[in-house]
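Undergrad: Single-letter residue listing:
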Amino acid sequence: EAAVTQSPRNKVAVTGGKVTLSCNQTNNHNNMYWYRQDTGHGLRLIHYSYGAGSTEKGDIPDGYKASRPSQENFSLILELATPSQTSVYFCASGDPLGSQDTQYFGPGTRLLVL
Amino acid sequence: GEKVEQHESTLSVREGDSAVINCTYTDTASSYFPWYKQEAGKSLHFVIDIRSNVDRKQSQRLIVLLDKKAKRFSLHITATQPEDSAIYFCAASRNSNNRIFFGDGTQLVVKP
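Protein sequences, first through last, are from chains A and B. FYI, in the numbering used here the residues of the first sequence are 1 to 114. FYI, in the numbering used here the residues of the second sequence are 1 to 112.
Because the hints were derived from the structure by calculation, they are not lab data. In this text, all values refer to a predicted model and were calculated from it rather than measured experimentally. One should not assume that every hint holds.
To be verified - With a straight-line Cα cutoff of 30 Å, these simulated DSBU-like cross-link-like pairs (lysine-lysine) come out:
no.	chain 1	residue 1	chain 2	residue 2
1	A	K18	A	K57
2	A	K65	B	K42
3	B	K111	B	K57
4	A	K11	A	K57
5	A	K65	A	K11
6	B	K42	A	K57
7	B	K68	B	K3
8	B	K57	B	K68
9	B	K111	B	K42
10	A	K11	B	K42
11	A	K57	B	K3
12	A	K65	B	K3
13	A	K18	B	K42
14	B	K3	B	K57
15	B	K71	A	K57
16	B	K69	B	K57
17	B	K42	B	K57
18	B	K3	B	K71
19	A	K65	A	K18
20	B	K3	B	K42
21	B	K71	B	K57
Can you build the whole structure from these sequences, using the hints too?
TA: In structure tokens form, the structure reads like this:
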């Protein structure tokens, strides 16, 4: 079974502060994704990556940066956090060249920006 | 880009009955259609998928139907049990780059 972990699991930040959400996968998947989940919006894609060194903008990238320093790690960075970024964030990994196209999700990070 | 719509935001059924969740998509190039389940307070996990080379797939009590002409697919859960209560997300993807487009989710409640 694929393993995706996220840290921290819960985070309280202040408006204007910097927040870094981390994701690690041990599946050797090329692709990794960051989503946020809000009531009434389902899952929305923020950034994704095709491999180490690559980052791509998703559907709602404004206010977020991403970093993929290695195959295993993918970070989401909020340089200047705002209350509108209060949400649950999910990281996922997937391998389009593998036997399945499915994505494996991490446990999520609850972020509250005050 | 692709847009996936889930027609039922909530669905309530009696234990033992069948539940059907319907989705439509817009991109004719989509060829992979996974479904994910999210239990209360937890993350999403994959439950079943279907590819465009078939129109029906079954895994135990889960059946997925695909109508490519209508760009519609559905998840049928037979003999529902309380543990089936969750949010179910349908999704669509082209195989080429593995980007998956999700619907907004259907909250399924199975009443005893």
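Undergrad: Where does the structure disagree with the numbered hints, that is, which hint numbers, in rising order?
TA: The structure breaks none of the hints.
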